[in-house]
Amino acid sequence: MANRTIKDAKTVHGTNPQYLIEKIIRTRIYESRYWKEECFALNAELIVDKGIELRFIGGIYGGNIKPTPFMCLLLKLLQIQPYKDIVIEFIRQEDFKYVRALGAFYLRLTGTSLETWKYLEPLYNDYRKLRRMDRMGNFSIMHMDEFIDTLLREDRVFDVILPRISKRSVHEEAGDLEPRISVLEEDINNAESEEEEVQRETEREMDKRRAYSPKRQRSKSPKRTSRSRSRSPGYKKSRSHSDKRKRDRSDSVDRRRRSRSRSPSKPYI
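Heads up: the sequence shown runs through residues 0 to 268, numbered per numbering that gives the first Met the number 0.
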């Protein structure tokens, strides 16, 4: 039958390779027109030409669960199970980005944890744009490094459950992988070193300005002389004379009043 896996195919993760895609999606792919017309009698060599014709990536779309050509070719790869060297060549070539995405998805489904990290992680440096179709049939832009990141981190991509893989740190501790060095790490370190140099230069300039600038001395305000409460002796003498005058005047006024009060009042005529 056209939908059966080849006889010499090996089991992948303990099961038939085609069973890595759920049964509902498989049946929709078998019933699709693209599978019947374009994927019939394809081998590892002819499937490359079909991958070059791809114009977008995606899983299923629409209410009737229609598969995309990308998903049909992925199932065909699982059916014919090409050699590992061919799949690695799909990933390493740089001319056709959708063939690279197809090979990366197939290796993520069938490869071991070490192979997945070894061959897919370098694709983080590929920033080309991919057209992606969602379940509603709408298109959006997705970069290649984003697609690789979803394959390495997510559990489900395009409604396909991905096999579990070990974390990268596990392989680093076992000595299978070297610590990852990012391409941007060198640029970030250079930028940080430049910022530190600029900051040091500014601090040096500030120190020089402080050293050469004259020191500001606060002008000491003259102490206010406290007013002495003690008066001069001349002031005391003048004050005593004025007091005596006031007393004499008051005595004369009192005498006049007493004399007026003592004198008898004249009778009225």
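Among the hints, a few may not be true.
Unchecked claim - Label-pair ranges, simulated between beta-carbon atoms:
no.	residue 1	residue 2	range
1	12	36	49 to 57 Å
2	153	83	17 to 25 Å
3	40	13	25 to 33 Å
4	153	45	26 to 34 Å
5	82	169	49 to 57 Å
6	200	133	50 to 58 Å
7	187	3	25 to 33 Å
Said to hold, decoys possible - Here are the simulated EDC-like pairs of lysine to aspartate or glutamate, each with C-alpha atoms no more than 16 Å apart in a straight line:
no.	residue 1	residue 2
8	166	120
9	96	48
10	128	93
11	128	114
12	65	133
13	83	133
14	117	177
Because the hints were derived from the structure by calculation, they are not lab data.
On a predicted model such as this, the values are computed, not experimentally measured, just so you know.
Beta carbons are placed, not taken as given, at the ideal position from N, Cα and C, and that holds for glycine.
Hints, verified against the model:
Evaluation of the 49 to 57 Å hint for residue 12 and residue 36 yields a failure: the beta carbon distance comes to about 31 Å. Range check, residue 153 to residue 83: about 24 Å between beta-carbon atoms, so the 17 to 25 Å window is met. As the Cβ distance of residue 40 to residue 13 is approximately 29 Å, the hint placing it in 25 to 33 Å holds. With their beta carbons about 31 Å apart, residue 153 and residue 45 fall inside the hinted range of 26 to 34 Å.
Distance hint check for residue 82 and residue 169: the Cβ-Cβ separation is about 28 Å, which falls outside the suggested range of 49 to 57 Å. Between residue 200 and residue 133 the C-beta distance comes to about 52 Å, which sits within the given range of 50 to 58 Å. Separation of residue 187 from residue 3 is about 52 Å and departs from the stated range, judged on CB atoms against 25 to 33 Å. Straight-line distance between C-alpha atoms of residue 166 and residue 120 comes to about 12 Å, which keeps the hinted pair within the 16 Å bound.
In summary, the hint linking residue 96 to residue 48 is supported, as the alpha carbons are separated by about 13 Å, within the 16 Å threshold. The suggested pairing of residue 128 with residue 93 holds, with an alpha-carbon distance near 13 Å, which does not exceed 16 Å. As the CA atoms of residue 128 and residue 114 are separated by approximately 25 Å, the hinted pair breaks the 16 Å bound. With a CA separation close to 11 Å, the supplied pair residue 65 and residue 133 stays within the 16 Å bound.
Restraint check for residue 83 and residue 133: the C-alpha separation of about 30 Å exceeds 16 Å, so the hint is violated. A C-alpha spacing of about 10 Å is found between residue 117 and residue 177, which places the hinted pair at or below 16 Å, so the restraint holds.
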